[in-house]
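Following the hints, complete the assembly by docking chain B onto the known chain A.
Number of protein chains: 2
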Amino acid sequence: MKNANAKINALLIADTPETFVTRRIPDVQLVFGGMKGDRHFGVTCPADSRQSMYPKGTEILNRRQITIVSEEECQKIADELGVEYILPEWLGANLLLNGYPELTKLPMGSRILFPDGTGLICMGENQPCIFPGEVIQKHYEAKPKLAANFVRAGYKRRGIVCAVERPGKFLKGMKFVY
Amino acid sequence: MKNANAKINALLIADTPETFVTRRIPDVQLVFGGMKGDRHFGVTCPADSRQSMYPKGTEILNRRQITIVSEEECQKIADELGVEYILPEWLGANLLLNGYPELTKLPMGSRILFPDGTGLICMGENQPCIFPGEVIQKHYEAKPKLAANFVRAGYKRRGIVCAVERPGKFLKGMKFVY
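As they're listed, the protein sequences go chains A and B.
When the letters of the first sequence are read in order and numbered with the UniProt record's numbering, they come out as residues 1 to 178.
When the letters of the second sequence are read in order and numbered with the UniProt record's numbering, they come out as residues 1 to 178.
There's no promise every hint is true.
The list treats identical chains as one, so a pair stands whether inside a single copy or across any two.
[As the list claims (entries may be wrong)] Each computed DSSO-like pair below joins lysine-lysine, with the alpha-carbon atoms no more than 30 Å apart: (1) K105 - K138; (2) K169 - K56; (3) K36 - K105; (4) K56 - K172; (5) K36 - K175; (6) K7 - K56.
Keep in mind the hints are simulated off the structure, nothing from the lab.
For clarity, every value in this text was computed on a predicted model and none was experimentally measured.
Same shape as in the complex, but just chain A (with noise of 0.2 Å):
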C-alpha cells in the first residue's frame, strides 16, 4: 500500500438497458456487489463469453462489480490510435481516476482503499473487447479501422475489474491510496 496524489475524476453508471456505455452521475453509494442500478451489479452474476468453462448463464461469483480506468490510460490509448481523447462512457468504465498512471498493472487481489474506509478488490485487468472500439468508431467517423485497433491499443491500459470489499460512498474529487 503506498501513497498517491490520486483522485476520482468521475464517476459514472450504466443504467440504459440498451447499452454498456456509461454516464456519468455525481456520487455513488457502493454497496456489497457494486452500484446498484448499473448492469453489472450483483454479488452474484450469469456467466457470458469470458468465462466460458461454465455453462453461459450459470450464476457465478461476480468478479466485475466495478469498472475502473485512469486517465493517463485512457489517453494512452487515444494516442494510439491517433484521436485526440477517449472517455471512461464509451469503455463502460464506473471509475475514472486521474493520477494513476500505471492501474491496469495493480496485481490481482490487491485493495484499493478511500479515505471513508471503502475498499475495493482489484479481480484483474479489463481483458480489451471490440464493443468498445465500435463506440469510438462512432465518435471518430472520419478515422478507419479505430474498432479494430482497439483491442490492440486497449492491452494492458484498458483499466482493471474490482469487487467491493468494504461499502461506502463515493465522491467525484475525493482522494484514495493504493
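This is chain B only, laid out in the frame that chain A set:
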C-alpha cells in the same frame, strides 16, 4: 488451466464453536459463501487482524470461505518440523488435496475447477499464524518449540484460501483440474 492427477483426499468442516480445528465429513454441498455451518462461512465476514486497514468487526467481502492444503506440502512442513505428519484438521483446512505439490504457489485469481462444474477462486496464500502451531505442539508434546517453528515451516506451504465461484458438491476422491 492444466490437467492434473489431483484429487480431494479429505473434506473437513470447522463446526465446533470453540476451535478452528476441522473434522472430516464424507461430502459437502458448497454454496456461495462456502460450507454452511463452517466458522468461515459467508459471502461477507467481520474484518479481523488480517484486515487491519478496516476497524475490527467491519463487514467485508469474505476471501477466506474455503481453506485448502495439499498432502505434499503438509508433509514438507512435517519434515521441516521433524515430526511424522501434519493433519489438515490441525491447520483448520476444509480440503486436503493429493497430487498438487505446489498448491500454495497458485496465483491469486486462479480457478480450481471440479468435474461437476464446481469452481473455486484462489484468493491467495494462507498466511501462517501461531494457532495451528499450538495444536501441532499438543500432538507432539516431546518435541520442543513446534508452535514457534510452525510459522517458518509453513511459509509458502500453508495452502490457500478460496471463494466459491460456482456452487456444487464435493465428494472425497473427486478429481479436478487446475
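Quick rundown of the hints versus the structure:
1. K105 - K138: within (29 Å within a copy, 45 Å between copies)
2. K169 - K56: Between. Shortest inter-copy distance 20 Å satisfies the 30 Å Cα cut-off; intra-copy 33 Å does not.
3. K36 - K105: Only inside one copy: K36 and K105 sit 27 Å apart there, 36 Å across copies, limit 30 Å.
4. K56 - K172: So K56 and K172 pass the 30 Å test across copies only (28 Å; inside, 36 Å).
5. K36 - K175: within (23 Å within a copy, 39 Å between copies)
6. K7 - K56: between (37 Å within a copy, 26 Å between copies)
Hint compliance for this structure: every hint is met.
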